[in-house]
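J.: Chains as they are written, first to last, in our numbering: chain A, -10 to 102; chain B, 755 to 868.
These aren't lab readings, by the way, just hints derived from the structure by calculation. Each residue gets a CB set at the ideal place from its N, CA and C atoms; glycine is no exception. Some clues are possibly wrong.
Unchecked claim - Residues of chain B placed beyond 12 angstroms of chain A at every Cβ, according to the derived structure:
no. : residue
1   : Ile774
2   : Met808
3   : Ser828
4   : Ser839
5   : Ile865
Claimed, not checked - Interface residues of chain A toward chain B, partial, derived using beta-carbon atoms under 8 angstroms:
no. : residue
6   : Ser31
7   : Leu32
8   : Leu34
9   : Leu81
10  : Glu87
11  : Thr90
12  : Gln91
13  : Tyr92
14  : Phe93
15  : Gly96
These are the residues of each chain, in order.
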Amino acid sequence: SAVISQKPSRDICQRGTSLTIQCQVDSQVTMMFWYRQQPGQSLTLIATANQGSEATYESGFVIDKFPISRPNLTFSTLTVSNMSPEDSSIYLCSANAESETQYFGPGTRLLVL
Amino acid sequence: GESVGLHLPTLSVQEGDNSIINCAYSNSASDYFIWYKQESGKGPQFIIDIRSNMDKRQGQRVTVLLNKTVKHLSLQIAATQPGDSAVYFCAFLGAMDSNYQLIWGAGTKLIIKP
Chain A
-10 SAVISQKPSR DICQRGTSLT IQCQVDSQVT MMFWYRQQPG QSLTLIATAN QGSEATYESG
50 FVIDKFPISR PNLTFSTLTV SNMSPEDSSI YLCSANAESE TQYFGPGTRL LVL
Chain B
755 GESVGLHLPT LSVQEGDNSI INCAYSNSAS DYFIWYKQES GKGPQFIIDI RSNMDKRQGQ
815 RVTVLLNKTV KHLSLQIAAT QPGDSAVYFC AFLGAMDSNY QLIWGAGTKL IIKP
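Could you build all of it, start to finish, from the sequences and the hints given here?
T.: Okay, structure coming up:
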């Protein structure tokens, strides 16, 4: 398994600003993923973070709003840009190594005022 | 489209009893299924997985059953404890927009009654 940490764990931001969330894995992993989870709901995949190439975004999510970096095999960032209250959510990072099993970080709880 | 559905959004169980959480999926081509547990304020935690060439797999106090005929997945928790209180998600590996990714169920909240 992989141990995943995220920073910050929570934040309160003003609308119009941007927040960058960091995800660190304790071992080299092939795939990293970013999800959004509204309270009391299931997970929605935002994008797959590819090392050495641009992230692959799911329908409804665009690079200008959620730019992603993946500079190496253990680290990724997700930026939530030009935030509005609708961006208030839990943002989760996950990763898998040799198998399809995804392991998750603790999440970043974002509140936009 | 592909989907995963749960039969019960909330399940209340007496402490010490067994819990059964059910999940239905729509894609008969999927070959990998996972159960996750998410406690309040935490990320999803892997519990157990099963591949389509099996119909049962056991872990510590948990058993996953897969019925491919009716596309049904269940998680059984034996001797439920207060620490089992959480939301449980099933997920399966499926194709979305030509990419394989985890397709998630809506979640079942398990409440343990003392």
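J.: Of the numbered hints stated previously, which ones are contradicted by the structure, given in increasing order?
T.: Hint check: 10 fails alone, others pass.
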